[in-house]
Every structure is written in C-alpha cells, then in structure tokens.
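Enquirer: Fit chain U to the given chain D structure using the hints.
Next come the chains, spelled out residue by residue.
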Amino acid sequence: MTGLRILLGAVILGGLGAAAPFTPLWLISLVTLAMSTGLVVCGLIILWRGGLVPFGQALFFATGAYTVALSGRWFGLTDAFLLIGLAVIMAALVAFVVGFLLAQYREIFFAMLSLALSMILYGVLVKSETLGSTDGINVTQASFFGLKPRGPGYTFALFWLALGMVFTAWVGVSAYLGSVAGQLAGAIRDNEIRVEYLGISVTRLVHLKLTISAALAGAGGALAALSISHVDPQMAYWTTSGGFVFVTILAGAASVPAAFLGALLFEIVRTIAVALLPGGWQLILGSVLLLTILFVPEGLGSLMIRKRAAVTEKGAA
Amino acid sequence: MITVIAIVTDGLVYAAWLFVVAIGLTLIFGVMKILNVAHGAFYAFGAYAAATAIGLYFDRGWPVVGGYLAIATAAIAIGLVMGYILERVFLRRVYGRDEVVVVLITYALFLILEDVLILIWGTDGRSAYQPYTEAGSFTVGGLPLSVYDIGLVGFAGLLAIASSLAIKRTTFGRLLTAVIYDRETAAAFGVNVTRVYTVTFLVGAVLGALGGALTAPKISVTPGLGVEVIVLAFAVVAIGGMGSMEGALVGALIVGLFRAGAVHLIPQLELFSIYAVMALVLVFRPQGLFSRAQPRKI
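Quick note, the sequences are listed as chains D and U, same order. Here the first sequence stands for residues 2 to 318, where the numbers follow this note's numbering. Here the second sequence stands for residues 159 to 456, where the numbers follow this note's numbering.
Hints are computed from structural coordinates only; laboratory data are not their basis. A few of these clues could be false.
To be verified - Among the chain U residues that face chain D by a calculated CB cut under 10 Å, a handful are: (1) LEU214; (2) ARG218; (3) VAL222; (4) PHE248; (5) PHE268; (6) THR281; (7) GLY283; (8) TYR287; (9) VAL385; (10) PRO444; (11) LEU447.
Stated by the list, open to error - Which chain U residues stay away from chain D? Per the calculated CB distances, all over 10 Å, these: (12) VAL223; (13) GLY315; (14) ARG353; (15) ALA396; (16) LEU423.
Unchecked claim - Simulated crosslink set (EDC-like; lysine to aspartate or glutamate; CA at most 16 Å straight-line): (17) LYS149(D) with ASP233(D); (18) LYS128(D) with GLU428(U); (19) LYS191(U) with ASP256(U); (20) LYS191(U) with GLU108(D).
Predicted, not measured: the structure shown is a model, and the values here were computed from it. Yeah, the Cβ is synthetic: ideal placement off N, Cα and C, and Gly gets one too.
If we strip away everything but chain D, and leave its shape as in the complex, we get:
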C-alpha cells in the first residue's frame, strides 16, 4: 500500500469524522454499528482468501462484546481504549487456544467445527446466570482518557473511536494481505501440499490467520457492545456468524474498503427493511445473498476491480 492511499483513506475518514456533528444521531449510530460489522468482516477476509469459511466467527465477536460488558460490571473499568484492548486480547487468546484444534481442519469441517465452538459459547451464555443468561448484560457508558461525554457527545466520541479503529484495521490488514504470509493465502486455497513442500507450515499459518481474524472480531464485538450499550447471547448465535459471512459474500474478499462499504450497505438495508417490511427481513437478506452468489460470485467489491481492469486494458490498447 502506498503512502498516497493511506493519506487518501485518512482524509476520507477524517472528513467523515468532521461531518459527524452535522449528521442526524441515528445515522451516526448506524454507521458506528456498521463499522463494527466491517471490522469482523475484515478478519473474515483474511481467512476467506485462504479458502476458509468460518461459520462461527460470532464466538470471537461475542467474546469481545462480553469482555467489555463484564470488565465494566466486575472490575468497574470504563476507559474505552482499555476495554477495546482487553476485548481484542481476549478474543485473540480464545482463538489461539481453539486454534490448535481448528487450524487442523479445512473446508466444511472447518466451518462446522467453528460453528460448534460458537454454539458452545452460546449454550454457556444462555444458561449462566452470572453471565446474564438470555437477557444479557447492560454495558456501562465508557469514558475516553478520563473524559465522560454524555448524550450526543457520547455518540460522536464512539463514532470517532470507530473511525480510528477502521483506519488502523484498514492499514494493518492491507499490510498483512500484502505480506508474504498474507499472499500465501491464495496458494493455501489452491494447493496446500505444494505450500508445505515449500517448507512452510500451513497449519501454523492458518492458526495465525485465525488469531488475527479473531482479534478483529473481538474489536468489532467490543465496538458493538459499546455502541448498543447491551450484550446478549444472540451475539454468539450461529445466525450472527451467518450475517458476517453474508456481508463477506456481498462485499467479496478482494478489498478491505469493500468490507466496510458492504457492512454499511447491510446495516442500511436492514434498517430500511425492518421499517418497511418487519416480517420480510430474512426474505430480503436471503434473496440478496442468493442473487449475489448466482450472478456476482466474487462479491460486489469485484465489480469495482473488474471495471478498473477493463479501463487498464483499454489504456494498454
């Protein structure tokens, strides 16, 4: 990634941040929530490129969210940066532990086992009184380096925090995807054994990818918990994981910004659909998913790239 692109990204995100005070509050909350989904999808892309589809990413998402809620409840921690840092560490730690098992599997088995692991967490959360059971837990309002904005100020503060996280994730994930370890993802998907013949441990590489993607999912979960001010077991349910996979398909694994745009589109469509057709949300979701897979198999992000490729070809001719 060039310095120019980083600068461009910073300017766009900075512009969004500057525009916040002139935007309706509900829209800011919506975008913040979309960015939390976008962070998770960023992590999914890393796995996706290696041909791995996690159907249980909600495990790490919920780990992050519950870390925030419980740190506030048990230890009285309120600093947003500290909470998010803890959530990232916890999610990555969980992934590191289950990774010893999960990294051995591929394809459907990887998907199924990650699903099972997330359902274990769901089962624990639903039945455990200390963890809030089915009702979940309220999250206390966070502070930012000692500052405690309230009312609209809190929404703005969270939004700016989210922008910062998005920027960090974008730069970091782009750098990782461009690195040797990141580039090997395509090779793993195409032919794992040949990668092993090159002297690289595929299992360790997958383990690393899983941990990175979990850290991002934990960050997303933490942001979602702060933004909704509530966590519940539904965050660990397999339909939540399905939602993340949905956005990844919609956006495609081709580019990181597409993940955030896809997440934004997802939240907007959901808001509109719930308002206009309360009973038809899943119908719309399913239809979009179906049409995307059948007609734009590489995701909407690929449309941009395809167009760009077409332009370059024309330029060459």
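Expert: Showing chain U alone in chain D's frame:
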C-alpha cells in the same frame, strides 16, 4: 434408578426424532456433497403442514387412526413439492461449484423460506396435540410413558432398517452407492447421475418434513423452530460422519442420551453437552465416527 430409566427413555425418544431429521441431511450430503441448511426449512414446513392437516382432520371428528395417516400425507406432500422446487430451480445451477458456496446457497434459501413460512401461516403458534393425547400413555415403575413416543422410537427403528435394506438390496440403492463412491465413474458407466440426485434430494426433503410432522403433535408449532433443529442435526451428522447412515443412527443415540443425561442431572449444560460431545468426537476423528478418511490429493 428411576433417573437412569428416565434418561434412557428420554434419550431414546430424542434420538429417534434426531435420527429421522438427520438421516435426510446425511443422505443428501453423502450423495450430492451438499450440506443442506434448508433442511431446517423442510422440517419447519413439515411441522406446519402436519399441524394444519391435524387441525382439519380432527375438527371433522373422523376416526383417530386416520389422523396419523394425515400427518404422513401432509409431510410427504410438502416435502416433495419443496424438494422439487429447490432442486430444479436453484441447486441444479450450482452442481460442481465449491461445497462451501453451495452451503451458502442453501443458507440463503433457508432464510427466505423462514419468512415464506410466516407469510403462509402467520406468526401465531399452533398446537396439534390430538394425535399425541389420543395415543394415550401408561406408567412403568412410576414413570409415565407416552404411546406416541414409543411409536416414534419404533418408526425410527423401522426407518433405519428400511434405509439400510434399500441401500444394500435395491437397484436404486446400488446405483446410489456407486454415485457416493465416485460420481464421474458412475456417470461413465451410464448411471443417470442427475436423476439420482433429484430422487435423493426428494427423499431427503420428505424425511426432513416427516421429522417436523412427527414432532408437531408434541410441541407448540411456532416460527423459528427450524433454526434449532438444523444446528442439532449438523451436530448429529458431524459426530456420525457426514454421509453415513449408520453414523446418523449412532450420532443420534449419542446426542440423544447425552442431552437427556444433561437435562436430568445438570440442566444448565443442556446445549453445552451436545456441542462439547461433537467437538470431542471431531478432535479424535475429524471425519466423524463412521466416515472414511479421504486421501489428500496433490
């Protein structure tokens, strides 16, 4: 002692129900290599169709025996219609695509069908308990046993035997085995693979609907009942080995008994126990208990 008997009987009844649902799922996976998330929709539609049929039938005051026939007819009819539409219109377009992509297609179909279900039957719950209560119950050693539940276990047993015979003894079963082992070679020998696929999918759909229909009299039929079932059925199939019929039977028994044990002894761990068993089995046998390990292709 009574707890042990209760665990075993509850476990068996639960396993019987799981087996009926899971065998359809594993059959479709074994033959078509499709992990069919829409199986949960077959289940839910089967339950609703049965509830409607039971309501219509018992309102007229006809003899009770016919009520069971009504359940079966409703399930078979809805399973055939849905299976045919799904296979012809959607799945046929994606044969040969990546397995994970096909899972996502069926996931999309499942989401759509969940809402279609609400559009057809509304959001109110329905009860169709007549077949359950009419069958009566008796007590063994102070433990009440429902005749309907015993019938369910019997049906699952018959289904296990019938499917095993059908695979080993009939021509279609042998064709099926050929396709399971190697689709391309089977096609080269003149097996009409497309037809085998269609029939398999229809049978699987009917079994899914039947699973729902048999449960309808025992529960309040409400929207969203397909979601839980599909994940449970996955667990059963994963434990037994995807695509294996014996595996589905053993997986259903394991999950059924473990869950019943958890419910009676440590109720907090009900859901946890099922997936913990699944994770444990997959640690030692990633391909499930009854599945052959696949050679790695270079």
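Enquirer: Of the hints stated earlier, which fail here?
Expert: Hint check: 1, 2, 3, 7, 8, 11, 15, 17 fail, others pass.
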